[in-house]
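Asks: Heads up: the sequence lines are chains A and B, in that order. Counted the way this note's numbering counts, the first sequence spans residues 1 to 333. Counted the way this note's numbering counts, the second sequence spans residues 1 to 249.
Hints may contain errors.
[As the list claims (entries may be wrong)] The list that follows gives simulated cross-link-like pairs (lysine-lysine, DSS-like), each with its CA atoms no further than 27 Å apart: (1) B/Lys144 <-> B/Lys118; (2) B/Lys26 <-> A/Lys2; (3) B/Lys118 <-> B/Lys145; (4) B/Lys120 <-> B/Lys145; (5) A/Lys3 <-> B/Lys144.
[Stated by the list, open to error] Only some residues are given here: those of chain B computed to face chain A with a beta carbon under 8 Å: (6) Ser34; (7) Ala43; (8) Ala57; (9) Ser183.
Simulated from the structure, these hints should not be mistaken for laboratory data. The model shown is predicted, which means the values in this text are computed figures rather than measured ones. Ideal placement from N, C-alpha and C gives every residue a C-beta, glycine not left out.
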Amino acid sequence: MKKLINEPEDVVDEMLDGMVAAHPDRLRRLDGQEVLVRADAPVDGKVGVVSGGGSGHEPTHAGYLGEGMLDGAAAGEVFTSPTGDQLNEMIEACDGGEGVLCVVKNYEGDVMNFDTAAEMADIEGVDVEQVVVNDDVAVEDSLYTSGRRGVAGTILVHKAAGAKAAQGADLQTVAETAEKVIDNVGTMGMALTSCVTPEKGEPTFDLGDDEIELGIGIHGEPGTERTETMSADEVTEHLTERVLDDLELDDGQEVVTMVNGMGGTPLMELFVVNRRLQELMDDEGLDVWDAWVGDYMTSLDMEGCSITVCAVDEELKELLAAPADTPAMTVQE
Amino acid sequence: MADADTQREAVRAAAENVADRLEDEKEYLTDLDSAIGDADHGANMSRGFRAAADAVADADDAEPSDLVKQVGTTLISEVGGASGPLYGGSIMSASQTFAEDGITAETSVDFAEAYLDKVKDRGDARIGAKTMVDALTPAVHTYKKSIEQDDLPPLEALGKAVDAAERGVEFTVPIRAEKGRASYLGWRSVGHQDPGATSTLYIMEELLATAEEYLEGDVERDATAVEQPDEDPSDVAEDGAADDDEGGE
Numbered sequence: 001m002k003k004l005i006n007e008p009e010d011v012v013d014e015m016l017d018g019m020v021a022a023h024p025d026r027l028r029r030l031d032g033q034e035v036l037v038r039a040d041a042p043v044d045g046k047v048g049v050v051s052g053g054g055s056g057h058e059p060t061h062a063g064y065l066g067e068g069m070l071d072g073a074a075a076g077e078v079f080t081s082p083t084g085d086q087l088n089e090m091i092e093a094c095d096g097g098e099g100v101l102c103v104v105k106n107y108e109g110d111v112m113n114f115d116t117a118a119e120m121a122d123i124e125g126v127d128v129e130q131v132v133v134n135d136d137v138a139v140e141d142s143l144y145t146s147g148r149r150g151v152a153g154t155i156l157v158h159k160a161a162g163a164k165a166a167q168g169a170d171l172q173t174v175a176e177t178a179e180k181v182i183d184n185v186g187t188m189g190m191a192l193t194s195c196v197t198p199e200k201g202e203p204t205f206d207l208g209d210d211e212i213e214l215g216i217g218i219h220g221e222p223g224t225e226r227t228e229t230m231s232a233d234e235v236t237e238h239l240t241e242r243v244l245d246d247l248e249l250d251d252g253q254e255v256v257t258m259v260n261g262m263g264g265t266p267l268m269e270l271f272v273v274n275r276r277l278q279e280l281m282d283d284e285g286l287d288v289w290d291a292w293v294g295d296y297m298t299s300l301d302m303e304g305c306s307i308t309v310c311a312v313d314e315e316l317k318e319l320l321a322a323p324a325d326t327p328a329m330t331v332q333e
Numbered sequence: 001m002a003d004a005d006t007q008r009e010a011v012r013a014a015a016e017n018v019a020d021r022l023e024d025e026k027e028y029l030t031d032l033d034s035a036i037g038d039a040d041h042g043a044n045m046s047r048g049f050r051a052a053a054d055a056v057a058d059a060d061d062a063e064p065s066d067l068v069k070q071v072g073t074t075l076i077s078e079v080g081g082a083s084g085p086l087y088g089g090s091i092m093s094a095s096q097t098f099a100e101d102g103i104t105a106e107t108s109v110d111f112a113e114a115y116l117d118k119v120k121d122r123g124d125a126r127i128g129a130k131t132m133v134d135a136l137t138p139a140v141h142t143y144k145k146s147i148e149q150d151d152l153p154p155l156e157a158l159g160k161a162v163d164a165a166e167r168g169v170e171f172t173v174p175i176r177a178e179k180g181r182a183s184y185l186g187w188r189s190v191g192h193q194d195p196g197a198t199s200t201l202y203i204m205e206e207l208l209a210t211a212e213e214y215l216e217g218d219v220e221r222d223a224t225a226v227e228q229p230d231e232d233p234s235d236v237a238e239d240g241a242a243d244d245d246e247g248g249e
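Only chain B is shown next, with the shape it has when bound in the complex (with noise of 0.2 Å):
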């Protein structure tokens, strides 16, 4: 794998990437969050992804790990609201699972794993909430899968790991919300896609632009010939049967 600046390189390099997309996508973001929730889901990430690129810029001879960190505690400090705990607390948790060996396959894994663990802890959210989660599982177990399993490549395993977020995406537009502002809304939910999810595309779209970059690959994106990823087996029983119930209502 990579050497450390490399590393430091490449996180510079995603958070600055995400960054400018967030900027870009801030409107889109805000009208997603508009008929939801309360229209401030693309300020607020933009903001927060902006002060993160930042804060690590200069950072010459921090550990990888340090500087993922740093993204993390970035955001809790400028974003506020539920996103600054879900996105920054979640980041700046899983970070320690780069300390020891770097970013490698095995431990982005972790980080992966750990992000999920730590998102669904604090939104105490599950699948079919209408949260971010609904994009973020598919795709943190399809990359494991990729990697451990298939014995893919990093780079083709993140591939997949979007395209199975991007599906996650589409899957929040016809159910109905359970957390945050938009659960207040019950049924009137129904119909709209999840700002949650939408932004934890776009960032998981500049880690893969980034990848591309450093891995010096291409990876062809298609979200629709995506298999169903594998979730747990009491992931399924539990929650493939109440998202049923939700879709046919």
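Next up, chain A with everything else stripped away, as it sits in the complex (with noise of 0.2 Å):
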């Protein structure tokens, strides 16, 4: 497999250098750590809001540092979740004396690891929060289950959350919001290729040429079912589906749509994804208040991509607009 890079060991390590070096003036990276954090973080009596996961899904998480979004972000190595002392350096890092929300996504490595962070942190005396994100509607809710997993609906979490802590709100506030979204959202993806890890140096499943993978989620997993091939269209039906299905929206409702890409996947297929998802919108009676486009949690190279939709009020569209300024998203006034 050929690929731009030097060591698979080192690859982390070398992307958050180089994210650094390229936005020098919004990002600055923890001595010895594998944590980015905005570059003026703490910001003095603001709510600290951060997030952590494993490297592999860029933009996220350190694409999103900044005004208006988040303060920190913790890299683990690819597709596994940062350690908890790595965790516990961000949080008091973003600490501005008004506490630190962490934003979760739902595998268990993430949640076990915030958790010794948080405890860690407490320790110190920082006001910890935590939200664990779980969108993604493929795999069931049970007991015995790992429950739901985060995906792309994080980044609406994060421009809510951080848009809140922005304009001065506490964390038990902060925090609160960032359920509202989590109550508010739905994902579901599929892949048309298997990525390909550093480490592993091939594809992580085997998927034929006339097969694709639905019910993916971000890390190279395969999904919940593999079926023939369907044209864009029809993909765009199913997994629209299955998230309208999941949300029980009521005619009328206003909705934030997201078209959001694996990785591997060309802007222009994204964007015949979108039309179709727009005229399901419209088809269902939903009225679509803004429609994202784009790469904004990616499996590495894998080529496919996951529908969103996120129902918001008159709250959550003010904090979406709100102004947002980092290297994979900005909003302007």
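Join these two chains into a complex; the hints should help.
Replies: What follows is the structure, given as structure tokens:
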């Protein structure tokens, strides 16, 4: 497999240095840590909003560092959650005296390590709140499973919670804002190809030329089912139907839609998907307030996409439209 | 039991042996993880135990329990994912069982039980969920029974425990995953061997090899001849029934 990497074990370290070199005025790396924070962290008197997880989802997480979104982003090894001590360093570096909200995606490693970090931070006297994003409607939330995964809907949580913190809200209120998004968002993804992780150097799963995976996560794990190739419209209909079945929205509800690329799919194809998605929203009587299209939460070089729908009210619209200045997302006033 | 110097050497040798073994098995573990997870188990475990072996290599006068603890804390900070807290955090926590009397037959039973409890607690996993618990539980129960009830020498008890772990690994193949990333596959996880159970077996095999060296003995392995391990009666009632269902479907 041809890749622009040096040594597989150096990928994350070298990526972080490269990101800082590209945005020296916005990003800063904590000494000896695989953690980036916004250049001016901690921001005095503001609740810190941090996130983190495995690498390989770029621009998530560090791409969303900056005014109006995240204060800190921890980068684990590829598809592996960061360690508890790294997360703790990040939390402490982002506490401006008002506490820190951790936005965690629902994967066991992420949850366990954020739990550990929160315990450590608590001992140091930092107020920490955690929210766990579980927007993936492809997997069941049952007693015996780990619950639904956190995927692309996480970006909407970052945006809304980040804006709320920027407005000066307290920790509890910022956490409630994040929960409000989590309660109202659903996502489902699909893959045309597997990704190739640097360590393994070959596709994680084999997919025939005439096969696609539905219900994938963002770690190259196979999806919940494999089917024959479908057209872009058919894929869009399938994903959208599953998301809407889960959300059960009322007629006329305002929503934000997101077509998220998995890293290897051209924007051309994402726009094709978005075209059909908007038609479906119309058919369903939903009122699209904003439509996001792009690579927000990727899975290395995987080809495929996910579709996210989030119901919004006046408060969420205001927060999602609030100014943000980050490498991967800027919203102007 | 051996003096503190010998115990320290044994801990260092065990860490080194485990690190070497996981390096050798890195690709295989990653292949197992590709099928039902995210293809990082081999790399993570190998990197973590190499760092742990290096961390304890030069500790000359530390208490044996502190060395074991050091292995745990190094794994926590090097492995990440769920494996860091599960393997490292549990070793760290269980290391306290060696604090007073060092490593003896009795304290090693306590260590094994404390480790298992911590893993089950952290991971919230029971037998039959297709996780490392499926290898670990029969191994720990077998070890405890062999030492406490059957009065076997530690080396022989460990040999039986490793056999039980091996059967536990085989048990993970036909069942459906309920925990971790493999659970997202639902029925598609059936037919694949669990990578966490497998790395647990490898670690135990290297503990046995180290023990053979330090207790100057030889153990004959025979996983197929091992009796069904005695579970807690409560476990058998609940888990046994669930497992039968899973195998039959």
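Asks: Now tell me if each hint is right for this structure.
Replies: Tested hints:
{"no.": "1", "hint": "B/Lys144 <-> B/Lys118", "verdict": "holds (17 Å)"}
{"no.": "2", "hint": "B/Lys26 <-> A/Lys2", "verdict": "holds (22 Å)"}
{"no.": "3", "hint": "B/Lys118 <-> B/Lys145", "verdict": "holds (20 Å)"}
{"no.": "4", "hint": "B/Lys120 <-> B/Lys145", "verdict": "holds (20 Å)"}
{"no.": "5", "hint": "A/Lys3 <-> B/Lys144", "verdict": "violated (50 Å)"}
{"no.": "6", "hint": "Ser34", "verdict": "holds (5 Å)"}
{"no.": "7", "hint": "Ala43", "verdict": "holds (4 Å)"}
{"no.": "8", "hint": "Ala57", "verdict": "violated (20 Å)"}
{"no.": "9", "hint": "Ser183", "verdict": "holds (5 Å)"}
Hint compliance for this structure: hints 5, 8 are not met, and every other hint is.
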